[in-house]
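Turn these sequences into a full structure, and let the hints guide you.
So you can see what is in the structure, the chains are spelled out below.
Protein chains: 2
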Amino acid sequence: MTEIAFIGLGTMGCPMAERLIRAGHTLRLNRVKEASSHLIALGGRAEASAALAAEGAEVVILMLPDTPDVEQVLFGAGGVASGLSRGALVIDMSSIDPVATREFAKRVREQGGHYLDAPVSGGEIGAKGGTLSIMVGGEAEQFNRALPLFEILGKNINLIGENGAGQVAKVANQIIVALTIEGVSEALLLAQRAGVAPDKVRQALLGGFAQSRILEVHGQRIIDKSFAPGFAIRLHRKDLNLAANAARALQLDLPNTTATLKMMDDAVTQGNGDRDHSALFLTLEAKSAQDAAQGST
Amino acid sequence: MTEIAFIGLGTMGCPMAERLIRAGHTLRLNRVKEASSHLIALGGRAEASAALAAEGAEVVILMLPDTPDVEQVLFGAGGVASGLSRGALVIDMSSIDPVATREFAKRVREQGGHYLDAPVSGGEIGAKGGTLSIMVGGEAEQFNRALPLFEILGKNINLIGENGAGQVAKVANQIIVALTIEGVSEALLLAQRAGVAPDKVRQALLGGFAQSRILEVHGQRIIDKSFAPGFAIRLHRKDLNLAANAARALQLDLPNTTATLKMMDDAVTQGNGDRDHSALFLTLEAKSAQDAAQGST
Numbered sequence: 000m001t002e003i004a005f006i007g008l009g010t011m012g013c014p015m016a017e018r019l020i021r022a023g024h025t026l027r028l029n030r031v032k033e034a035s036s037h038l039i040a041l042g043g044r045a046e047a048s049a050a051l052a053a054e055g056a057e058v059v060i061l062m063l064p065d066t067p068d069v070e071q072v073l074f075g076a077g078g079v080a081s082g083l084s085r086g087a088l089v090i091d092m093s094s095i096d097p098v099a100t101r102e103f104a105k106r107v108r109e110q111g112g113h114y115l116d117a118p119v120s121g122g123e124i125g126a127k128g129g130t131l132s133i134m135v136g137g138e139a140e141q142f143n144r145a146l147p148l149f150e151i152l153g154k155n156i157n158l159i160g161e162n163g164a165g166q167v168a169k170v171a172n173q174i175i176v177a178l179t180i181e182g183v184s185e186a187l188l189l190a191q192r193a194g195v196a197p198d199k200v201r202q203a204l205l206g207g208f209a210q211s212r213i214l215e216v217h218g219q220r221i222i223d224k225s226f227a228p229g230f231a232i233r234l235h236r237k238d239l240n241l242a243a244n245a246a247r248a249l250q251l252d253l254p255n256t257t258a259t260l261k262m263m264d265d266a267v268t269q270g271n272g273d274r275d276h277s278a279l280f281l282t283l284e285a286k287s288a289q290d291a292a293q294g295s296t
Numbered sequence: 000m001t002e003i004a005f006i007g008l009g010t011m012g013c014p015m016a017e018r019l020i021r022a023g024h025t026l027r028l029n030r031v032k033e034a035s036s037h038l039i040a041l042g043g044r045a046e047a048s049a050a051l052a053a054e055g056a057e058v059v060i061l062m063l064p065d066t067p068d069v070e071q072v073l074f075g076a077g078g079v080a081s082g083l084s085r086g087a088l089v090i091d092m093s094s095i096d097p098v099a100t101r102e103f104a105k106r107v108r109e110q111g112g113h114y115l116d117a118p119v120s121g122g123e124i125g126a127k128g129g130t131l132s133i134m135v136g137g138e139a140e141q142f143n144r145a146l147p148l149f150e151i152l153g154k155n156i157n158l159i160g161e162n163g164a165g166q167v168a169k170v171a172n173q174i175i176v177a178l179t180i181e182g183v184s185e186a187l188l189l190a191q192r193a194g195v196a197p198d199k200v201r202q203a204l205l206g207g208f209a210q211s212r213i214l215e216v217h218g219q220r221i222i223d224k225s226f227a228p229g230f231a232i233r234l235h236r237k238d239l240n241l242a243a244n245a246a247r248a249l250q251l252d253l254p255n256t257t258a259t260l261k262m263m264d265d266a267v268t269q270g271n272g273d274r275d276h277s278a279l280f281l282t283l284e285a286k287s288a289q290d291a292a293q294g295s296t
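So the sequences go chain by chain: A and B.
Just so we're aligned: 225 in numbering that gives the first Met the number 0 is position 226 of the first sequence, and the numbers increase by one with no gaps anywhere.
Just so we're aligned: 162 in numbering that gives the first Met the number 0 is position 163 of the second sequence, and the numbers increase by one with no gaps anywhere.
In case anyone wonders, no lab produced these hints; they're calculated from the structure.
Honestly, I wouldn't trust all of these hints.
The list treats identical chains as one, so a pair stands whether inside a single copy or across any two.
[As the list claims (entries may be wrong)] Taking lysine-lysine pairs in the DSSO-like style, the calculated list, with each CA pair at most 27 angstroms apart, reads:
#, residue 1, residue 2
1, Lys154, Lys199
2, Lys199, Lys237
3, Lys199, Lys105
4, Lys154, Lys127
5, Lys261, Lys105
6, Lys32, Lys261
7, Lys32, Lys286
8, Lys286, Lys224
9, Lys127, Lys105
What follows is the structure, given as structure tokens:
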């Protein structure tokens, strides 16, 4: 049994922590709220700060919203770094900036700790069911050390490369998912506007090179106009912002990523930020309705 | 056994005609060239014009490069229309403009014939192996009449809707394939530039929502830098032009289709038109190399 400090008990973190407790591990929790108070009943221990949670823990898992949150929890006042035991392993499972991740890993190592970046995909359903995909950056030795914990949380677990490589893979994942949703949306919008049943088009295309899990799952959502998340546009927008920032740092021009991020900005402005990312279809549809109206005046 | 006029014996048409002959059908061929002369040895009959090929044929199949070719073969001097028997079925398996298709179907019906648009995907390999996907627009009765022939040529055969719907589905297919290739290219380029092994990223992502046949097949080609076609960029560019034209006619704004068509234009200018469409990666890579060089001056 491993002593684990788990920081970040939101939509993803809470069910992940629960799975680790139920598997018999000792969890030290910080910032327990009403929605996560059942973790205490299950045996989790509430600690007053991230530093206190980290003290004596062999592993510290973070599951936080964004890059500044991770920096604050690691290196801020009362943060993990000030309580970290020598040789302890920090596993950041948040989706954050790959470049910042390399810096965080370096600072943790300088303090005698180890670091893995291990962002996930698979959403709340994956977190509850232990079926997350986990993309890991760091040393093989630390990956092997963490693997028994990862196997409680996920199914498709891959060591991609050095620190930061997990976050790069996650960013790559979010680019492909966003651009495939956008592509499926353009195709189904064309079919709809041409008076052709989008469900027949989807069905026919699934048998060929246009096949994707996005066409299967999100294509169906677009056809059903069923946009309850799933994964909210405002969260995907955050991830695509990470992609755009990484591209900028690497002097890369990723035109369709940039254009699709802009569409997600528009989707949020239009009040669709909390809808599933497949609702990008609505932004595309609205844009064309507007253009058609202007064209007809 | 059906008397079939088959017009268009190129890379796709030639093996398709051969499959029909080997299945026992009588083929009347027009414009037999050296590359298709073996069809005569197999029992195909050479005719001096499309009109003569169509005379007495129950079914006329077209497999031609583009919209003007189909118009010329159907309605030009010595064209199919001037020889078409009453009740004969014209099946256009070319990938052409959906709006023009509706007009062609109307004109054929006015002359007492029937019409199906039935574009395919699956390329030369699918044409040879009889594993094409066939997307059909037209009346159910005519679809059922053609089905025994389609089953010699393909596996995934779908009636999508009325005339034009097959071409709309094909255009939708080509949008999704192009935009997925472009998305996979942006993601793998980011990984490569960040110093993360693209093959590890591809492998990890295949288990989640980024999965697609494009990531499987074309992702591997991009990683191997193996760009022999497959499906040539210049051909996909033609199909994406059909998409752009259809969007314009429907007053639709399809931003990533437009941007990706522009990239395909650039790819052709750069001398990559005959490479596989996954070589779009090279255009993206070249663009960023250029930007980086300008940024550093």
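Hints and how they fare:
{"no.": "1", "hint": "Lys154 x Lys199", "in the structure": "between (33 angstroms within a copy, 16 angstroms between copies)"}
{"no.": "2", "hint": "Lys199 x Lys237", "in the structure": "between (33 angstroms within a copy, 24 angstroms between copies)"}
{"no.": "3", "hint": "Lys199 x Lys105", "in the structure": "between (52 angstroms within a copy, 23 angstroms between copies)"}
{"no.": "4", "hint": "Lys154 x Lys127", "in the structure": "within (12 angstroms within a copy, 39 angstroms between copies)"}
{"no.": "5", "hint": "Lys261 x Lys105", "in the structure": "neither (33 angstroms within a copy, 42 angstroms between copies)"}
{"no.": "6", "hint": "Lys32 x Lys261", "in the structure": "neither (34 angstroms within a copy, 51 angstroms between copies)"}
{"no.": "7", "hint": "Lys32 x Lys286", "in the structure": "neither (41 angstroms within a copy, 49 angstroms between copies)"}
{"no.": "8", "hint": "Lys286 x Lys224", "in the structure": "within (17 angstroms within a copy, 37 angstroms between copies)"}
{"no.": "9", "hint": "Lys127 x Lys105", "in the structure": "neither (32 angstroms within a copy, 56 angstroms between copies)"}
Taken one by one, the earlier hints fail for this structure at numbers 5, 6, 7, 9, listed in ascending order.
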